[in-house]
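Number of protein chains: 2
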Amino acid sequence: MNYPNKSKGNYKKTTSYANRGMDLEALINESNKYYLETDEALIYKKPTEIGINKVVYKPKLVIKDAYFKSPSTLDYNGIYKGKYIEFDAKETSSKTSFPLSNIMSHQLKHIEKVIDHGGICFLIIKINEQLFLLPGNKVIEFINNYERKSIPYEYIKNNGYLLQYGYNPLIDYLKIVDILEEGGLNNGSGKEKEEK
Amino acid sequence: MNYPNKSKGNYKKTTSYANRGMDLEALINESNKYYLETDEALIYKKPTEIGINKVVYKPKLVIKDAYFKSPSTLDYNGIYKGKYIEFDAKETSSKTSFPLSNIMSHQLKHIEKVIDHGGICFLIIKINEQLFLLPGNKVIEFINNYERKSIPYEYIKNNGYLLQYGYNPLIDYLKIVDILEEGGLNNGSGKEKEEK
Chain A
10 MNYPNKSKGN YKKTTSYANR GMDLEALINE SNKYYLETDE ALIYKKPTEI
60 GINKVVYKPK LVIKDAYFKS PSTLDYNGIY KGKYIEFDAK ETSSKTSFPL
110 SNIMSHQLKH IEKVIDHGGI CFLIIKINEQ LFLLPGNKVI EFINNYERKS
160 IPYEYIKNNG YLLQYGYNPL IDYLKIVDIL EEGGLNNGSG KEKEEK
Chain B
10 MNYPNKSKGN YKKTTSYANR GMDLEALINE SNKYYLETDE ALIYKKPTEI
60 GINKVVYKPK LVIKDAYFKS PSTLDYNGIY KGKYIEFDAK ETSSKTSFPL
110 SNIMSHQLKH IEKVIDHGGI CFLIIKINEQ LFLLPGNKVI EFINNYERKS
160 IPYEYIKNNG YLLQYGYNPL IDYLKIVDIL EEGGLNNGSG KEKEEK
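First to last, the sequence lines map onto chains A and B. According to our numbering, the residues represented by the first sequence are 10 to 205, in order. According to our numbering, the residues represented by the second sequence are 10 to 205, in order.
Just chain A, with the same shape it has in the complex (with noise of 0.2 Å):
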């Protein structure tokens, strides 16, 4: 995806309002080259993989047949803090549960994985046209601990944390990231540090 190279100065043009309309992925690319910019952390989208079956290679190199893969880790990861961060966008147009179906099988023992390696995982989830971070041992809880095809808005209200739409940067979820290292907030996810 390509985004206009825009100065620092443009952020300010956008509004909190206008954000909500915008692509859950576009608002965490800005968010992300924020953060380049401002050098507090080093956080990229994968490129999603393809399969290619036919490349032409003159006048230059063209793809011209394709497909896209599906990812086994998730879409964002880099550094922060000098810790490993990783994480998945996910948004869904149900108002009452987040479906498990947006999530692959092996990106769920992925996230199990960065964990026990020390990496700091969750996905940011859009429902209700609103956003949460819910850390990935919440995610992995809740699949230990329930059948449920979908998880719960009540449950994603209570073990994540709400992202606010701002400026600089557009959804500062490294703010998040910050609690939930200090050992998140008394809310339900509390537990964060007694568990490591």
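Don't take each hint at face value.
Same chains, same names: a pair is fine if it fits in one copy or spans any two.
Said to hold, decoys possible - Calculated lysine to any residue pairs in the SDA-like style (CA-CA distance at most 20 Å, straight line):
hint	residue 1	residue 2
1	Lys-135	Tyr-162
2	Lys-42	Lys-78
3	Lys-90	His-126
4	Lys-42	His-126
5	Lys-55	Asn-38
6	Lys-118	Thr-47
7	Lys-78	His-115
8	Lys-42	Ser-114
9	Lys-122	Asp-48
10	Lys-42	Lys-55
11	Lys-67	Ser-79
Think of the hints as simulated: they come from the structure by calculation, not from any bench.
We have chain A already, so just place chain B on it with the hints.
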């Protein structure tokens, strides 16, 4: 790239002699697969980013016109012993030096940033049928101190670490990362720890 889904036992069938002829990327992918199976590290090759000009949706989604974009980060990244790791693998047919044209200028800036953020960063260079792990700070040091357009073989030999071809994994580059993290060997790369 697709590689056959080998069981662990299959690694033993390959010989170190045969591996020398193996494509560098394949060698590293197989080594990463081994690290993943043994749960030593989670390291993946980032897919090459493509720009898409045309897709068709019927009978199924197929990319009909696309091109490869040049990368701004390095090809491999992940987590090892809780730390962020990022590196690239490059080969040259030159026997006397490694041309810096192999690395994009924004990739060089990225190496500096990863180091600044506390990540492990290096290049694996294949030259003269030998593999070297050259720490990122040694790449930056060379560029800052010399006006040359290529890194001489002698510099790589003196500041890098020779990687042996093995079995499980095919290239055990994490063993060298351990040495680097412990402060490096006294072979000219021994100053890592002081420089941090």
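Here is how each hint holds up against the structure:
no.	hint	verdict
1	Lys-135 with Tyr-162	within (10 Å within a copy, 52 Å between copies)
2	Lys-42 with Lys-78	between (26 Å within a copy, 18 Å between copies)
3	Lys-90 with His-126	both (16 Å within a copy, 6 Å between copies)
4	Lys-42 with His-126	between (26 Å within a copy, 16 Å between copies)
5	Lys-55 with Asn-38	both (11 Å within a copy, 17 Å between copies)
6	Lys-118 with Thr-47	between (33 Å within a copy, 15 Å between copies)
7	Lys-78 with His-115	within (13 Å within a copy, 27 Å between copies)
8	Lys-42 with Ser-114	between (30 Å within a copy, 18 Å between copies)
9	Lys-122 with Asp-48	between (27 Å within a copy, 8 Å between copies)
10	Lys-42 with Lys-55	both (14 Å within a copy, 19 Å between copies)
11	Lys-67 with Ser-79	between (30 Å within a copy, 19 Å between copies)
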